[in-house]
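Undergrad: Here's the letter readout for the chains.
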Amino acid sequence: MMMIDTAFPVSDPRATEARPDPAEDPWVALRQHTFARIALGRAGGSQRTASVLAFRLAHARARDAVHARLDLEALAARFSAHGLQTERIATAVSDRPAFLMRPDLGRQIAAASRETLKARARKWGRRDLVILVSDGHSANAALRHAAETVARLVEILDAAGWTRYPVLLVPFGRVKLQDEVGALLKARHALMLLGERPGLSAPDSLGAYFTWRPGPARTDADRNCVSNIRPEGTSPAAAAQKLAELLLESARLGLSGVNLKDEQGAHNRVASASVCQKKIQAKTSP
Amino acid sequence: MSCSAPWSLSVGPRRYAFSSLRELMARATPLRSGDALAGLAAESAEERVAAQQCLADVPLARFLEEPLIPYETDAVTRLIIDTHDNAAFAPVADLTVGAFRDWLLRYETDHVALTAIAPGLTPEMTAAVAKLMGNQDLILVASKCRVATAFRDTIGLPGRLSVRLQPNHPADDVKGIAASILDGLLYGCGDAVIGINPATDSVPAMETLLCLIDELIHRYEIPTQSCVLAHVTTALKVIARGAPVDLVFQSIAGTEAANASFGVTLPILAEARDAARSLKRGTVGENVMYFETGQGSALSANAHHGVDMQTCEARAYAVARQFAPLLVNTVVGFIGPEYLYDGKQILRAGLEDHCCAKLLGLPMGCDVCYTNHAEADQDDMDNLLTLLGVAGCTYIMGVPGADDIALGYQSTSFHDSHYLRQVLGLKPAPEFEAWLEKMRIVEKGRRLFPASPTHALLAA
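The listed protein sequences derive, respectively, from chains U and F. In terms of my numbering, the first sequence is residues 287 to 572. In terms of my numbering, the second sequence is residues 7 to 466.
In isolation and in its complexed conformation, chain U is listed as follows (with noise of 0.2 Å):
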């Protein structure tokens, strides 16, 4: 069995380096305007054995981040060797199906959870930020790109005087646990970074959504996020900076979602979740 660097591709047709194939078609130099798989070439009018099997390793990444374990063990460590300290919860999903196909049980904490963090919250008292982190839709986000963008983060928190509590590690979370999580502890923000829905040019990329006072009636339309933070899109450092802005304003302002959202317009990449929401339905809800 020969091993494959995971963190490039082998023979994926959009990758530069590419060499000139005969194979392909003669407008290959469009390429260099996208990286959508064009002028693939062909047989007969079906797609050449080098590009079907080129998407089929690209699928089957996404496929794997997808079902990849969060190796919390792993992910803690990462935190502490920035000196940062975690505490581990659990939503009410048991596994990846259920997480798949229950939204509503990863919106929510495990009933063992919610009373651990009942009597951590007397001992703690209530601070301004609670960060949770989870797999979400791809663990391997998390566990490259969350504990380096908290670490920046909280370092510019922590020189504007903001209190935390420790980073909450929680599998199988979806947005909205910062909800409950928030409320529970009486945090004035709450800020959840986990996994995104894995594209095939892009298995580990990490999303950031954050809410000022965090309870049940928060909808999307309450929430900012920063989205695609890993080091080929937004990357760790400048989301770190974006949310780091987006919350002290928020704070300044005592609010978030839509009325916070992007005045200066310069970053595409930030915006109200409900925004980021549409994006992701584009086709089915704009």
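Since the hints were made in silico from the structure, they are not lab data. Mixed in with the good hints, there may be bad ones.
What the hints assert, rightly or not - What the simulated footprint calls covered on chain U by chain F, stretch by stretch (three residues with Cβ under 8 Å from a Cβ of chain F suffice, anywhere in the stretch; the number is not a length): (1) 314-323; (2) 337-351; (3) 386-398; (4) 475-486.
What the hints assert, rightly or not - Using 35 Å as the maximum straight-line C-alpha spacing, the simulated DSBU-like pairs for lysine-lysine come out as follows: (5) F:Lys181 to F:Lys286; (6) U:Lys528 to F:Lys181; (7) F:Lys243 to U:Lys528; (8) F:Lys444 to F:Lys181; (9) F:Lys444 to F:Lys150; (10) F:Lys150 to F:Lys433.
Where is the CB? At the ideal position from N, CA and C, for every residue including glycine.
Model the placement of chain F on the given structure of chain U, informed by the hints.
TA: Relative to the frame of chain U, chain F by itself:
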């Protein structure tokens, strides 16, 4: 065994009772994760079949008397009831849902009969009969329907399969989009529409992209139409500013509340249709609307009123047919596994949507697609694509290499359309076919010419 209101049925020692027609419809629906998520699905396989047996005995006319969502509270229900054509309904007015299935399958029920009854059918009637149909019934009945529409070419004629060229780019990069359009045209695709999902829903972005396609269509005299799939209100603004709008797009759903969550009402859609028609840009017809739908959209907007996903979806077709669209397609696998879990559920939903829409007289296509968190892969898409081809699906999507780099999901490729045309002997729309021959892209509607580096389209 017989079933009567309030619906109940004994199967062996067990008695199954259903409190309303709405509940009966939901329990009779073949299993899908969204109905389970909503708490509407049958609790056992036996209950599901008991509900189907009960549903088979329900008179079709009952759906006119007992709307699943009250007339007073929902504009889509009012549209369905107020536009119902009793004279067209007459040939099947005395049938039960079960007898209607048998009627649809008769040799004598041909496309003339089906076209005649379409205005007499409500979405709920088609949804009900679909719940009793196996996949082969959904294919056979749909294949008997004929629906043709036209703008710059004629879509939906027998023996034809059209393709929407979908050249999306995550940053709306004009050169990137143009590259994908050329790729698609050189693969003989784009006769349904060249339709872009813009990354940014704004007036300037929409105008830029419309001008790009308009210039291509004019320069090469391509008998097709353009669409930028921005919100209908954005389209109205750019029409007012004089932009070259061929088709107006909108996502629609089957309840007033779900449409409200999309930011649309029936009067806004009527205004958009009238505005697009006033431009008189069509050459062989004036169907100017393009709609997308998908099971689960009402549920995801928490606007389903306890009605199952498939029935909500069919109700969206009542909205569509009010505006005589050129194109309608379900985006069947896009919504994710919490609504349609795997390849089996996606396949079934695709066939249901296609059949119900065709029975209601719509030019129905399908975005045969899936996301990476669904239990599905290319083989599942090959299956649905093939079955829809046999069912006479009006059009499919054409995405470079099946990989939509902007929306992050997998649809069908340009190559897929050639597969389907080969195995089923299907050709593009006639006007577009003639253009492909003239441009030396395709010969005899089927085979691609060898690619040439000096092709006229590449001179751009």
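Undergrad: Decide, hint by hint, whether the structure agrees.
TA: Hint by hint, here is what the structure shows:
1. 314-323: holds (count 7)
2. 337-351: holds (count 8)
3. 386-398: holds (count 5)
4. 475-486: Coverage by chain F holds here, the residue count being 4 at a Cβ distance below 8 Å.
5. F:Lys181 to F:Lys286: Holds, at roughly 29 Å.
6. U:Lys528 to F:Lys181: 29 Å, holds
7. F:Lys243 to U:Lys528: It holds: about 32 Å lies between the C-alpha atoms, which stays within 35 Å.
8. F:Lys444 to F:Lys181: Answer holds: F:Lys444 to F:Lys181 is near 26 Å, not above 35 Å.
9. F:Lys444 to F:Lys150: Measuring from Cα to Cα gives roughly 32 Å; hence the hint holds.
10. F:Lys150 to F:Lys433: Status holds; Cα separation ~18 Å.
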